[in-house]
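S.K.: Grab the two chains, each in its own frame, and use the hints to assemble them into the complex.
If you read the protein sequences in the order shown, they are chains A and B.
Here the first sequence is numbered in UniProt numbering, starting from 1 and rising by one per residue.
Here the second sequence is numbered in UniProt numbering, starting from 1 and rising by one per residue.
A hint or two may mislead.
What the hints assert, rightly or not - In silico SDA-like links for lysine to any residue, alpha-carbon gap of 25 Å or less:
#, chain 1, residue 1, chain 2, residue 2
1, B, LYS133, A, LYS110
2, A, LYS249, B, VAL346
3, B, LYS18, A, LYS229
4, A, LYS2, B, TYR11
5, B, LYS268, A, PRO304
6, A, LYS249, B, ASP12
7, B, LYS79, A, THR3
8, B, LYS133, A, PHE60
9, A, LYS229, B, VAL346
10, B, LYS133, A, VAL133
As the list claims (entries may be wrong) - Part of the chain A face toward chain B, derived, beta carbon under 8 Å:
#, residue
11, THR3
12, ASN15
13, GLU17
14, GLN103
15, CYS234
16, CYS252
17, GLU253
18, GLY256
19, ALA277
20, ARG279
21, PHE287
22, SER312
23, THR315
24, LYS316
25, ASP320
Read the hints as simulated data drawn from the structure, not as lab findings.
Quantities reported herein were computed from a predicted structural model and do not represent experimental measurements.
C-beta atoms are modelled at their ideal positions from N, C-alpha and C, and glycine is treated no differently.
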Amino acid sequence: MKTVTLAHGNGGQENNELIKEVFYNAFKNEILERNEDAAVIEGGKLALSTDSFTVSPLFFAGADIGKLAICGTCNDLAMMGAKPKYLTCSFIIEEGFEVSQLQSIVNSMKEELAKNDAIIVSGDTKVVPKGSVDKLFINTSGIGEVLYSGISSNNISTNDLILVSRDIGAHGATIYISREGIELSSNLKSDCSSLFPLVKALIDEKIKITALRDATRGGLSAVLNEWVKQSNVCIEIDERSIPVSDEVKGVCEMLGFEATSLANEGTFVLAIAKEDANRTLEILQRFENAKNASIIGKVTQQYPQKVVLNSSFGTKRFLDMPCGELLPRIC
Amino acid sequence: MVKKLQLKDLYDGFRDPKTIKAYKKLIDIELENYDKTINIMEVCGGHTHTIMKYGLPQILNKKINFVHGPGCPVCVMPKERVDSAYELSLQKDVILVTLGDMIKVPGSRGSLQDARAKGADVRFVYSPMDCLKIATENKDKKVVFFAIGFETTTPMTCALLEQVIKNDIKNILFHINHITVPEVMRALVDKKDNKIDAFLGPAHVSVISGSKIYEEFPLRYNKPVVVSGFEPVDVIESIYMLVCQFVQNRVELEVEYKRVVSFEGNIKAQELVDKYLIKTSFEFRGVGTILESGYELREEYKKYNAKLVYDEILPKNRAKENKACRCPDILSGVAKPLDCKLFGTVCTPTNPIGSCMVSSEGACSAYYKYGNLLK
Numbered sequence: 001m002k003t004v005t006l007a008h009g010n011g012g013q014e015n016n017e018l019i020k021e022v023f024y025n026a027f028k029n030e031i032l033e034r035n036e037d038a039a040v041i042e043g044g045k046l047a048l049s050t051d052s053f054t055v056s057p058l059f060f061a062g063a064d065i066g067k068l069a070i071c072g073t074c075n076d077l078a079m080m081g082a083k084p085k086y087l088t089c090s091f092i093i094e095e096g097f098e099v100s101q102l103q104s105i106v107n108s109m110k111e112e113l114a115k116n117d118a119i120i121v122s123g124d125t126k127v128v129p130k131g132s133v134d135k136l137f138i139n140t141s142g143i144g145e146v147l148y149s150g151i152s153s154n155n156i157s158t159n160d161l162i163l164v165s166r167d168i169g170a171h172g173a174t175i176y177i178s179r180e181g182i183e184l185s186s187n188l189k190s191d192c193s194s195l196f197p198l199v200k201a202l203i204d205e206k207i208k209i210t211a212l213r214d215a216t217r218g219g220l221s222a223v224l225n226e227w228v229k230q231s232n233v234c235i236e237i238d239e240r241s242i243p244v245s246d247e248v249k250g251v252c253e254m255l256g257f258e259a260t261s262l263a264n265e266g267t268f269v270l271a272i273a274k275e276d277a278n279r280t281l282e283i284l285q286r287f288e289n290a291k292n293a294s295i296i297g298k299v300t301q302q303y304p305q306k307v308v309l310n311s312s313f314g315t316k317r318f319l320d321m322p323c324g325e326l327l328p329r330i331c
Numbered sequence: 001m002v003k004k005l006q007l008k009d010l011y012d013g014f015r016d017p018k019t020i021k022a023y024k025k026l027i028d029i030e031l032e033n034y035d036k037t038i039n040i041m042e043v044c045g046g047h048t049h050t051i052m053k054y055g056l057p058q059i060l061n062k063k064i065n066f067v068h069g070p071g072c073p074v075c076v077m078p079k080e081r082v083d084s085a086y087e088l089s090l091q092k093d094v095i096l097v098t099l100g101d102m103i104k105v106p107g108s109r110g111s112l113q114d115a116r117a118k119g120a121d122v123r124f125v126y127s128p129m130d131c132l133k134i135a136t137e138n139k140d141k142k143v144v145f146f147a148i149g150f151e152t153t154t155p156m157t158c159a160l161l162e163q164v165i166k167n168d169i170k171n172i173l174f175h176i177n178h179i180t181v182p183e184v185m186r187a188l189v190d191k192k193d194n195k196i197d198a199f200l201g202p203a204h205v206s207v208i209s210g211s212k213i214y215e216e217f218p219l220r221y222n223k224p225v226v227v228s229g230f231e232p233v234d235v236i237e238s239i240y241m242l243v244c245q246f247v248q249n250r251v252e253l254e255v256e257y258k259r260v261v262s263f264e265g266n267i268k269a270q271e272l273v274d275k276y277l278i279k280t281s282f283e284f285r286g287v288g289t290i291l292e293s294g295y296e297l298r299e300e301y302k303k304y305n306a307k308l309v310y311d312e313i314l315p316k317n318r319a320k321e322n323k324a325c326r327c328p329d330i331l332s333g334v335a336k337p338l339d340c341k342l343f344g345t346v347c348t349p350t351n352p353i354g355s356c357m358v359s360s361e362g363a364c365s366a367y368y369k370y371g372n373l374l375k
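Isolated chain B (complex conformation) (with noise of 0.2 Å):
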């Protein structure tokens, strides 16, 4: 009889402690005789999180060094866009609707939880398809989708664009803040004190855009980047398979993740993005502005765009943020949650100054969550 796939079936495996310790032991023998330290940037915030919660480097070799990086898209989403979605949701014709854990990041006002609290209708999503019931149900109010993400949740926005238009659906605009790996990932390894060694590449991201977007890395940059799934056996097996690119001193591209992971990616999902998106530059909250980094709605998908419907109420002046605040420093992975003067003190998930420890996704939350205290 052939047994039907379960849930379990996909990561059961992946956390076996026999394949974890024989992981480790693998890595020791490899660099037995390396003695350099090994400073791994995990750019997703995903693996952060595994690293953490499963306490990796409690039992990784002393000469593995993470780095964390800013893969998170509420962590480095800018403070003004926040603002931008807070007014948007005080309007009163509008339900804003959202990924997650946005919804917690503190703007200049406050967050979107707050404006709700003062009665603006803020909803989140599991996928952005939940806006066209929303919006059938409130036919009277504008579903503005403050959309967020990196490459794996963009195409779904497109998904409900395409929808909006084939249905004609006159109540749903779109905020665009979507935003791409490479590019920041190149912002980091071209600043001159960058740390980062090698790459541990976002699983979820090369799903839809490929391998092949990290390609440039150990052509260009000499650094090794492994694609890797978010399991602590893929995790351990991506940080193995780079420990031996530095031991026999090759520079490669390569993909631990390949159950899911291809070179070319989704291509359909790729064809739907280039449909209504086009590149334009975004600020990386830490990193700054970069070129060619996030999305915007085309030109003649314009009367979609909530920026433009609602342009006046929009705030224009650029954020302030709290200068002891070392989050841009975590996200381009110049300091660690622990550098921070204001991590488990003053800034806490229950009261958050920084987006890193709003988000779940965020370094300065994995630390706080799994073990700030165990030295």
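So here's chain A without its partners, still in its complex pose (with noise of 0.2 Å):
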């Protein structure tokens, strides 16, 4: 690794190779290195998380960049069982920008706050010459108070069972055909959504909860594929129960993509004691945006540290960490 190139932002295996040589080494610590959603410190009391955000485009069907930044803080939080309070957010903003777009996506990002109860209590705000940044970044961090505890990825076991709580690769597969410029006359939208409310029902149930996280970038691939090596486990995913919208799916036929590495920006994967599994389905299928919650596999000691793909007619094949640039087929 002599250069940082675009893959090493994809969410999957340069990514992590980047994090783990340059970042982990220097930063090291205890916290760091439970590698969670969140920071949870202060003896187990609050859940600390950080975010940019740099999409492309900034407007996108179901989202824009403002919703997007509030939401991936506090679901960050939200993974971690914190109820998410105080954020903080930084603008880089290039030269030129219209002031106009500027307020509706600061609407966007005071409307998905109110969906968290939280607030913005510090900012900061930079203007750089045009060509420094693609039109806007924003930076959100966040606190929050934790409500459950002992949810880690590095707790998962074969007591346990693997839920998705919707459909996977919506967001990936809107910026990438909004980005390219593919034009497709399809309800197709991002999934961009607070996950939040649908945490706190589980923890007013009392669902046993082992293990939360967001598939953002490197889609349920790389979700699941961290937790076989931070938990030393297997997991097993039946591929007919993992639910793939027919627009996702349409998407990944033409571009040659597998939705399982589609990032998501309101969807996440739950690892759930075996018990609670069909009690947390009822539950999330009562939220709108977690109607085709599913339960897609489970955890096992058949091949340690990797995740095993069962196809409907009897055979299997591991589902690897994404590597490399998102490209289309060529063929």
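M.R.: Now the structure itself:
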């Protein structure tokens, strides 16, 4: 690894390599090394997370960069069983950016904050010369109050079942087609949404949660591959039970992608104690953005540190960590 | 009410577990008293991926052995052509445009992805026609279309050239690397030690060229060909068709992918290619130089030829390959990815040594991605 390429930002293998070799080496500490969605600090009372948003285009079907910036950080906190409370936000703006667009983005942020009952308490604004950034970058950081402790991607065992909260890949597919100007007449829109209300419902109903992770860059494949390594288990997924919308399937067909590697911004993966899995499904399905929730697999020791995909006609294969830049096939 | 055709209608039935299991049984029945192994070369990397992605060798009769072929345009691209693309991309006045994962293939000095990280303007497009927009938006630059692919993508390059001429666009140039399937198939069966008993014919290529391009293989070489679609049901049905030929002692050209492929193919596309391009020899990585297996721009369109315009800066020397890399053997059906010592250790998708690991159509990439450890 001599230079940073776009592949190092893919949420997959190269991304992990960069983080481990450069950042973890320098910043090494016990909390960081747990490699969770948010850091649990202050004796388990608080959760802390940060994320930067550089999406292009800034406005897309289902959301915009503002909504994404709030959902991203609030969801990371929710994935540790924490209620998002206080956020900061930094804007890096390219000169010439239209104020009306900025206003619209900030309004989206305001709406999404309300859904999480969280507030922005500090911020920063930088304007840089044209060409220094692509229109607008936003960073958000957040602190949440841990309502349910003990959630960890390092504790998954054969006592758990694996669920996904809705159909996968909608965000990645939406961004891809809007970025590349592929004209499709479809209802495809990003899944971008706040997940805290869903997590809160699970906590209120006393579901035994082992691990939660929102399947952002790198998609479902990345989450499951991180989990099997962190918990030293095998996760076996039933291909038929993974919900994928027809629109996302269509985009994958055309471009040669796999829905399991596409990014999501309002979809999370759950490792839940077996006895609670069906009840979890019922609770999630009460929410509009989780009506397609599904139990997708089990935890075994068949191939430790590997994710196995069982097909409907009796074959199996590994579901690997996504790698490289997402590129369309040639033929 | 007439149901509107949905995209999923194009593949749903072709992944049906019941159909796949039924074909598996039929193949087992046919092969019950057949005592030889049938070595089937899937020429196209798309087929290799279907075979590995859906785990077909796990359920298929052990008398079926897949031999992987040279049908991936990225895999067979010789290193010096990648080096040319790299050099072109580093020219200050050039925007280098190409298709898909060509940008990941390592050349002698790096890949186009590396060139891009150094500041080169490298872009990939879905359709060569996208070059028109890039050229209009960047009038001070030369857009060089690094054209790759077999018969499938060649007409699109010619359609772009037609538009460039028609609209008198001055800043689009072409670096042509188009190749053809029958010539490389012929080169492989001409090799004395080839292990090929039959071919799965590439489907998309045949949509353009028609199934007629494979006629010579049953007739002259005694090798059956079934032109197959890319879905798992297509592939297993094609295997069944080939098995029937062997059991019944027939040697024929058959088409499984009848829903799209005709005997004559797309005549208009063929005419377009003939109008702008002329056959030339091409060095297939792993197989060697094959006469009339590639295309070049016709003399009358030489002002659009990036190879001539940028002749001075393009590398002239033959590039060195890594000696331990077995891509050449894998591409010519002599070895399989697991026979290569570098596979999965030194050579991985994040650190590819050979092109078969780079390309999303490559055999090594398919083995690594879908089943390198499932034995």
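S.K.: Does each hint hold? Answer for all of them.
M.R.: Comparing the hints with the structure gives:
For the suggested pair LYS133/B and LYS110/A, the alpha carbons sit about 37 Å apart, so the restraint of at most 25 Å is broken. Using a Cα cut-off of 25 Å, the hinted pair LYS249/A and VAL346/B is violated, with the two alpha carbons roughly 34 Å apart. Of the pairs offered as hints, the one joining LYS18/B and LYS229/A is violated, with about 35 Å between alpha carbons and a cut-off of 25 Å exceeded. Between LYS2/A and TYR11/B, the direct Cα distance comes to roughly 42 Å. Violation of the 25 Å bound is thereby established for this hinted pair.
For the suggested pair LYS268/B and PRO304/A, the alpha carbons sit about 54 Å apart, so the restraint of at most 25 Å is broken. With a C-alpha separation of about 10 Å, the suggested pairing of LYS249/A with ASP12/B holds against the 25 Å cut-off. Between the alpha carbons of LYS79/B and THR3/A the distance comes to roughly 22 Å, so the proposed pair stays at or under 25 Å and holds. At roughly 22 Å between alpha-carbon atoms, LYS133/B and PHE60/A fall within 25 Å of each other, so this suggested pair holds.
Among the hinted pairs, LYS229/A with VAL346/B is consistent with the structure: their alpha-carbon atoms are about 21 Å apart, no more than 25 Å. For a cut-off of 25 Å, the pair hint linking LYS133/B to VAL133/A stands: about 23 Å separates their Cα positions. Proximity of THR3/A to chain B holds as hinted, the smallest CB-CB distance being about 5 Å (cut-off 8 Å). Below 8 Å, beta-carbon pairs count as interface contacts, and ASN15/A has none with chain B, the closest being about 10 Å; its hint is therefore violated.
Proximity of GLU17/A to chain B holds as hinted, the smallest CB-CB distance being about 7 Å (cut-off 8 Å). Hint on GLN103/A is violated. Least Cβ distance to chain B is approximately 28 Å, over the 8 Å limit. With its C-beta approaching chain B no nearer than about 12 Å, CYS234/A sits outside the 8 Å limit, and its interface hint is violated. Residue-level restraint check for CYS252/A is violated (minimum Cβ-Cβ distance to chain B is 10 Å; threshold 8 Å).
Restraint check, GLU253/A versus chain B: the minimum CB separation of about 6 Å is within 8 Å; hint holds. With its C-beta approaching chain B no nearer than about 6 Å, GLY256/A sits inside the 8 Å limit, and its interface hint holds. Because the smallest distance between the Cβ of ALA277/A and any Cβ of chain B comes to about 25 Å, over 8 Å, the interface hint for this residue is violated. The criterion of a C-beta within 8 Å of any C-beta in chain B is not met by ARG279/A, whose closest approach is roughly 30 Å, and the hint is violated.
Here the hint on PHE287/A is broken, as its CB sits about 26 Å from the closest CB of chain B, past 8 Å. Satisfaction of the interface hint for SER312/A is found here, the shortest Cβ-Cβ separation to chain B being roughly 4 Å, below the 8 Å cut-off. The interface hint given for THR315/A holds, since its Cβ lies 3 Å from the closest Cβ of chain B, which is under the 8 Å cut-off. With a cut of 8 Å, the hint placing LYS316/A at the interface with chain B holds, because the nearest CB-to-CB distance is about 6 Å.
Taking 8 Å as the C-beta contact cut-off toward chain B, the hint placing ASP320/A at the interface holds, the least distance being around 6 Å.
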